[in-house]
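Participant: Starting from the two chains in their separate frames, assemble the complex, guided by the hints.
What follows is each chain in one-letter form.
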Amino acid sequence: MAHALREPGWYRAALGTLIGAAFGFGLVVILRLVSGLDAFQTEQTGYPQVIVPLITAPFGFLIGFGAFSYWFRWAAGKPTVPDDHSGHGATRWQDYFTFNTDHKVIGIQYIVTTFFFFFVGGLLAMLIRAELAQPGTQIVDPNVYNGLFSTHATVMIFLFIIPMFAGIANYVLPIMIGAPDMAFPRLNALSFWLLPIAGVIFMGSFLAPGGSFDAGWTGYAPLSTGAPLGQSFFNVGVQFAGASSIATSVNFLVTIITMRAPGMNLWRMPLLVWANLSTSLIVVGATPFIAGVQFMVLFDRIMGMNFFNFLEGGDVLSYQHIFWFYSHPAVYIMMLPGFGIISEVIATNARKPIFGYRLMALALLGIVVLSYSVWAHHMFVAGMFSWLRVPIMITTLLIAVPTGIKVFSWLGTLFYGKIHTYSTAMLFALGFIVTFTVGGISGVMLGMVPLDIHMSDTYFVVAHIHFVLFGGSVFTIFAGIYYWFPKMTGRMYDERLGRIHFWGTMIGTWGTFIPQHWIGLEGMPRRVADYASQFGEWNLVISFFSLILGLAQLVFLYNMVVSWKYGPKASGNPWRSKTIEWLVSSPPPTFNFDEIPRVVGGPYEYGTPGARHAIMGDEDAEATVPEPKPSSVPAAT
Amino acid sequence: MPKVPYLRLAIVSLAIGAVIAVLMIQIDWNGEAGSTAAGPIDALLDWMIIISSFVFAIVCVFLGYALYRWRVKPGDESDGLPIHGNTKLELTWTIIPTVIVLFAAGYSWAVLDDIEEVDSDPLIVNVYSQQFAWTFGYPTEGNKWSEGEFHVPVGRQVVFNMHAQDVLHSFWVPEWRIKKDNVPGITTDAVVTPDRVGTFQLICTELCGAGHSVMRAKVVVEPRKKFNRWVRGLEEEVPQGLYLTADQALEIQKQIQKAEGGIGGSGVDETTRDNVTQS
Ligand code: HEM
Ligand SMILES: [Cu+2]
Ligand SMILES: [Cu+2]
Numbered sequence: 001m002a003h004a005l006r007e008p009g010w011y012r013a014a015l016g017t018l019i020g021a022a023f024g025f026g027l028v029v030i031l032r033l034v035s036g037l038d039a040f041q042t043e044q045t046g047y048p049q050v051i052v053p054l055i056t057a058p059f060g061f062l063i064g065f066g067a068f069s070y071w072f073r074w075a076a077g078k079p080t081v082p083d084d085h086s087g088h089g090a091t092r093w094q095d096y097f098t099f100n101t102d103h104k105v106i107g108i109q110y111i112v113t114t115f116f117f118f119f120v121g122g123l124l125a126m127l128i129r130a131e132l133a134q135p136g137t138q139i140v141d142p143n144v145y146n147g148l149f150s151t152h153a154t155v156m157i158f159l160f161i162i163p164m165f166a167g168i169a170n171y172v173l174p175i176m177i178g179a180p181d182m183a184f185p186r187l188n189a190l191s192f193w194l195l196p197i198a199g200v201i202f203m204g205s206f207l208a209p210g211g212s213f214d215a216g217w218t219g220y221a222p223l224s225t226g227a228p229l230g231q232s233f234f235n236v237g238v239q240f241a242g243a244s245s246i247a248t249s250v251n252f253l254v255t256i257i258t259m260r261a262p263g264m265n266l267w268r269m270p271l272l273v274w275a276n277l278s279t280s281l282i283v284v285g286a287t288p289f290i291a292g293v294q295f296m297v298l299f300d301r302i303m304g305m306n307f308f309n310f311l312e313g314g315d316v317l318s319y320q321h322i323f324w325f326y327s328h329p330a331v332y333i334m335m336l337p338g339f340g341i342i343s344e345v346i347a348t349n350a351r352k353p354i355f356g357y358r359l360m361a362l363a364l365l366g367i368v369v370l371s372y373s374v375w376a377h378h379m380f381v382a383g384m385f386s387w388l389r390v391p392i393m394i395t396t397l398l399i400a401v402p403t404g405i406k407v408f409s410w411l412g413t414l415f416y417g418k419i420h421t422y423s424t425a426m427l428f429a430l431g432f433i434v435t436f437t438v439g440g441i442s443g444v445m446l447g448m449v450p451l452d453i454h455m456s457d458t459y460f461v462v463a464h465i466h467f468v469l470f471g472g473s474v475f476t477i478f479a480g481i482y483y484w485f486p487k488m489t490g491r492m493y494d495e496r497l498g499r500i501h502f503w504g505t506m507i508g509t510w511g512t513f514i515p516q517h518w519i520g521l522e523g524m525p526r527r528v529a530d531y532a533s534q535f536g537e538w539n540l541v542i543s544f545f546s547l548i549l550g551l552a553q554l555v556f557l558y559n560m561v562v563s564w565k566y567g568p569k570a571s572g573n574p575w576r577s578k579t580i581e582w583l584v585s586s587p588p589p590t591f592n593f594d595e596i597p598r599v600v601g602g603p604y605e606y607g608t609p610g611a612r613h614a615i616m617g618d619e620d621a622e623a624t625v626p627e628p629k630p631s632s633v634p635a636a637t
Numbered sequence: 001m002p003k004v005p006y007l008r009l010a011i012v013s014l015a016i017g018a019v020i021a022v023l024m025i026q027i028d029w030n031g032e033a034g035s036t037a038a039g040p041i042d043a044l045l046d047w048m049i050i051i052s053s054f055v056f057a058i059v060c061v062f063l064g065y066a067l068y069r070w071r072v073k074p075g076d077e078s079d080g081l082p083i084h085g086n087t088k089l090e091l092t093w094t095i096i097p098t099v100i101v102l103f104a105a106g107y108s109w110a111v112l113d114d115i116e117e118v119d120s121d122p123l124i125v126n127v128y129s130q131q132f133a134w135t136f137g138y139p140t141e142g143n144k145w146s147e148g149e150f151h152v153p154v155g156r157q158v159v160f161n162m163h164a165q166d167v168l169h170s171f172w173v174p175e176w177r178i179k180k181d182n183v184p185g186i187t188t189d190a191v192v193t194p195d196r197v198g199t200f201q202l203i204c205t206e207l208c209g210a211g212h213s214v215m216r217a218k219v220v221v222e223p224r225k226k227f228n229r230w231v232r233g234l235e236e237e238v239p240q241g242l243y244l245t246a247d248q249a250l251e252i253q254k255q256i257q258k259a260e261g262g263i264g265g266s267g268v269d270e271t272t273r274d275n276v277t278q279s
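Sequence order for the protein chains is P and A. Be aware that the first sequence starts at 1, since it is given in my numbering, and climbs by one per residue. Be aware that the second sequence starts at 1, since it is given in my numbering, and climbs by one per residue.
Extracted from the complex, chain A is given alone in its bound form (with noise of 0.2 Å):
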């Protein structure tokens, strides 16, 4: 049997891959970082770059090299070699795969761990969506209501308890690389460290109708003296049109169905809306 060089091939595929790998991790890929899970992730990423760098390198180095010796010259009708496999080889290729992802499950444990870990003293921030709106309570400053917009301090952990009033939403900062879904009748929570002062975005990142596209809110991570003066200016007033619980939701519903002329006409909005603390 002639002889191949793989020695070689794969030096090449190493320098290869190395090359990409390179290249690859320069690029921001999650763009700007805004919290303590961001770096975490990110370094989880080009990890997961580097490894999938060499593994794309060593399948186009292979398969380059297979057509650059092996392709027929016109005319030829003759076989391949009748080969049918090494299980030396099957099982390196089987083994080695299986070390790398069990690598990765593992990194990808601890990460979780480490990004999901709670302090002992959070912020908690009630987060309410609804068709196409993001409402924000503060249950431990005082139950102080903002709708559109919220503000959290920089530095210190957030707990956000999430709660869907309709249909399914999700809750994205991308500069925290932190998503949960909101889903009626449950509530979701999310743990965040900003450490980046600023003005992001809050997307709604699961579909929920004609307006998801445009269901954002305004994130802004500021100073602590800053936030609590902003707290502090907040109505206490449950904001108009958001319904707290899966009861009220529930009560309203049935009495639209009763009144002619809808939530407005029927009294509902003024009724519920009494004694509701946060939950």
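Bound-form chain P, shown alone (with noise of 0.2 Å):
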């Protein structure tokens, strides 16, 4: 035992956090009393000796676990412990609850996490529909509803939708690019292990005093700042989910620039890595200004320092803008990796170059540019000074044009292609397709001033956000999931199952979220816990349609465990694909590859003979390459 307490692992990490939580406490407490205050200061927005633990723990929980030892070994000088690489791969699934440095497992655990945290919020979502399927309270009163939108909103955002992309990029790009891992391997790892942190604060709060915290995921002040001890835990959890963000994109942005195989210059890239280079150069510039808003929020709460309180001066609005400022960027952060993977899918069942590859690229850089330029779009009602409206909606229209430009470039990719509808990954791409036009539709709307002075904190923008949120990034990752499943695994998922899980999906989505369009312009709010019963009809019908879009994904669930466990054994290459993730085993050998690939053309040469992206290491090294295609060659109509 003592032994145990030694050596990291889940021992040492439990009395980590122990003493972490006894630090942060005692640290609270002895200053009070130091101070000549109370022990303990319970007012609703306090209660220092909840929050500084909260932040300490963690900590500890980390120190404990091995995730600083090498760094610590190395800042006090001492011989540090190279990695033998000893801990890479994972032959058992004890092996997933380590402290693992390798980034194919660490994709792994960040999947599977971020999957159990879609069915929490699954679920919350499920008891919000149930409320609200009639008029009037039913279920919970709404103090409670209000807590049940925010955590189901933060848990999907914060905890799903963003990191689920870095967890599937985590698995493949490194291979993808032909890298032997990501940059920064202990930093892969410390990203992974504060997600789970952030979602066991963001829980937690339902815990505390006055409940989970329910001033939306948006948590504008002042509402947030005079809320229960819950919202504090929400401030304190989107620190640890952001900081996660933050190191992870680093780690890309490193990865990408300087691990690729010799070979692959930037137009050699395939448009995941294109989509996660774009991302991250947004996580790294706009996630600070989340952190450092709920940090204000926090410090308003304990300190009293009056960043939001008007009554001391302090300036409301100006919360708004610089959520937004993270915010508005974060929704591409939720988007272009999905982009990403939908070109990945497209291609390779379509078996044809992506139209316009290099306008693709370039779209998505142009979206990076242009989203630090459209936060003011959420607040056009907001009160903010009316000058900035007109530019702002200008930039948020623009910003649809290379919106279009993908769409339309993957429906040209599909023309004179040879396309292969049979995977449930191609299915959820072409659903992806049409619905999330209809939410970037809705989104022009949204960025008209005069619609949207109409349209604003209606059922409306539920609409919208469902459409690009679930309809946009929920179905790519479906796809993403469904086409590196054989990678991942090994084996192959059952597509009959697939397609249950799809036409499910798709039914329910629509149901779901076109009616909440009309409810929303006819009159009704949102984030209300009741409404006026004209609505009622819609709302059953709306309810309906969510049972049937969380049914399709329990038989999701059921496809993915019993395939991964029991599915017929999968080939490295099943969709016979050109990129290099294709040309190694199914699952990968432990280190990737035994020599770097050489890249040699395009990531997309479909149907030129002999066309190839890559060569393999234990391939002849003198194979006989063919000259690279000119990217562009006029299609003759």
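Incorrect hints may appear among the rest.
What the hints assert, rightly or not - Only part of the chain P face toward chain A is listed, based on derived beta-carbon distances under 8 Å:
no., residue
1, Phe289
2, Pro353
3, Gly383
4, Leu398
5, Val401
6, Gly417
7, Ala529
Think of the hints as simulated: they come from the structure by calculation, not from any bench. Every residue gets a Cβ at the ideal spot worked out from N, C-alpha and C, and that includes glycine.
Facilitator: Right, here's the structure in full:
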């Protein structure tokens, strides 16, 4: 036992958590007593004796778990223990519960954890829809209801969509660019372990006096600065989720910039790599803003700093400006990696090069730049200086252009292709195109100031965000998971169950979210526990379809779990794709490659006899390489 | 390369788009209208719905055609044609959407200027929102006050000056198509010219706490004479429980902290309400 407590691992982590918590708690109590205050402070916005341990305990956990062992030794000038990679790979399920630095293990850790939170968030959504099925209050009182939609959104955004994309990219991106691992494997592992911590903190808020945080995922001040203790859990949880995001994106940037296989110049990068490059540029620039603004709220709450306290000269609107300066770019953090996934899936399953590859990459960069200039479209009716509305409207509408380019290019890719619709991945990709188009259309309407004045904060916005986040992000996640499932697990999933899942999800999504446009325009505001009885019928319909949507996800869960264990063995390249991750075995060898591959052409050279993307190290190094093609040949029609 | 009937696809897209558009604009999307802003806003929405119908139809028709034409037969392992792009086409689908959104922006801007233009002699109504109630003041009509309900004359422009006393709230009357957040610490405003007599609902659309869903007020639009009579019958005294300025709110908060028993026992209710006039 004593030995187990000294070695990094779960026992030492538990001990570390206790020590961390005790340290934070003791620090607060002692400082308070020394200052002549009561030991405990139990104003609802206070509770420093809870908040500080909430921050120190996770560090205790991470230290105990071994996340910092290497760095500590290095910092102390002691001989570091070189990683002998004995911990690489995972042979038993227990291996996934260790501080593992193998990007493939981390990828699986990310994906499984975030799917867990997807189901948690989904359950919360089912409760929301149950309450809203009929007018009046049936299941939860309004306070609890506010907590439900706040935690639902927070879990889905910060613990499912954003980290899920990081997880998928974690697994496939290094292999795709011919790298043995991510640039900073220890930082990578740390990024992952920050996530469950954020999850425990968010969920822990349900235990706080006054209930879970309930000011929405947007946490607007001053509702949030005066809310009960649970809100502080949100403020702190976002720090851990945000730190995880930032660390991962730094990792991706360095990996993509420095670790591409020889021959992979920028114009030979698969679009998933481009997408993650773009996403990471947004994350490193924008995420610090939400971290900062949540600290400001926390400081307002427990230290009376008055950033947003209008009574003491604080500025209420500045919260929204800072928040959206992150959170608008964040919606692209939730979409660009999905764009990348769709490009991979469509090129492979249409057996054609991506139409207008370079414009696709440039459109991603265009979105990155524009995404920083549109935040105030969330504030058209917020009472900000009115001159800002028109310029922001113009940039907002312009962002639809690169988005449209992507949709048209995918359609162009399908033309003259050989389209395989057998795989569920492709079904989700095609379903995504149609569904996301609707979300884009409603986005453009919301971007037009006179329309937004009417639509803002109504169910129309709820419809928009679900068309882009469910019909957009989540569809792309499913496409990606089905597409790379054979690669990750070495087994095939069941296509029949996949199709049931797809159609259930498609019908559920449209049935649930289309009517929300209508009731929103007719006068139903968002974030309400109760509504005028005239909306009763539609809400019942919506709740019914949401149940279908929910049940369809259980089919997915069953398919994944059973196929992972019992599915037929997958070959290295079941989809006959050209990108590098398919040129290794399924699942890939522990270190990805014996020899780094050489990249000799574009990633999607379908239809050109003999054209290759990469030559693997174990092939004849002298293999003849056809001349790289010019990337654009005129299409005769 | 096998021919694709692009012209026919385009015609089909336009036809389907037109059918969708015609069907869609039959629907009264925004519900009943009750102000002069509703006309231009609803027309703008109809335009967007028409354009969007065509966009949606184009995406669906081309996707559907691709699937119909190039879906592989089982066992076909060959590849598609190695087409990498077409600069002219790519430029087209960059430029046309740009033109469309710039048109949408320009049109929106014009509508915005139109609906926000202030007349020479508007009626001023002060709006005070707090968890979870609305209070209205008529500073130009003899400093009158009304709680939970307000009336305005039909056909005269109203400028609402909005104040939030605790957290954010938002002022929305769906029939008027007008919404504006009430922000603690600053005054926001909205301009409305009601043009339909009737009773409507004022709905709070910014999450403000447990009572948010039920934070409503009654809106009555009536002929001028009736309105005058109603205003005359109102109290001049500041309603119980309303504080007006940030300074007063701060004062009250400090007093609460000092005095046990909260606001009722502290006596500040009476003192702060002395001599207040409407801002
Ligand atoms: C064509 C591109 C898009 C445009 C023009 C657009 C425009 C807008 C506008 C103007 C709003 C503010 C509505 C309001 O609160 O009054 C909004 C809200 C939102 N959009 Fe989009 N959008 C687009 C695409 C997306 C995408 C791709 C995502 C995410 C994947 C997204 C996620 C959201 C979310 C989450 C909100 C609501 C935030 C909240 O208040 O909780 N949007 N969008
Ligand atoms: Cu936005
Ligand atoms: Cu409210």
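Participant: Hint by hint, say whether it matches the structure.
Facilitator: Each hint, compared with the structure:
no.	hint	in the structure
1	Phe289	violated, 20 Å
2	Pro353	holds, 5 Å
3	Gly383	holds, 4 Å
4	Leu398	holds, 6 Å
5	Val401	holds, 5 Å
6	Gly417	holds, 4 Å
7	Ala529	holds, 5 Å
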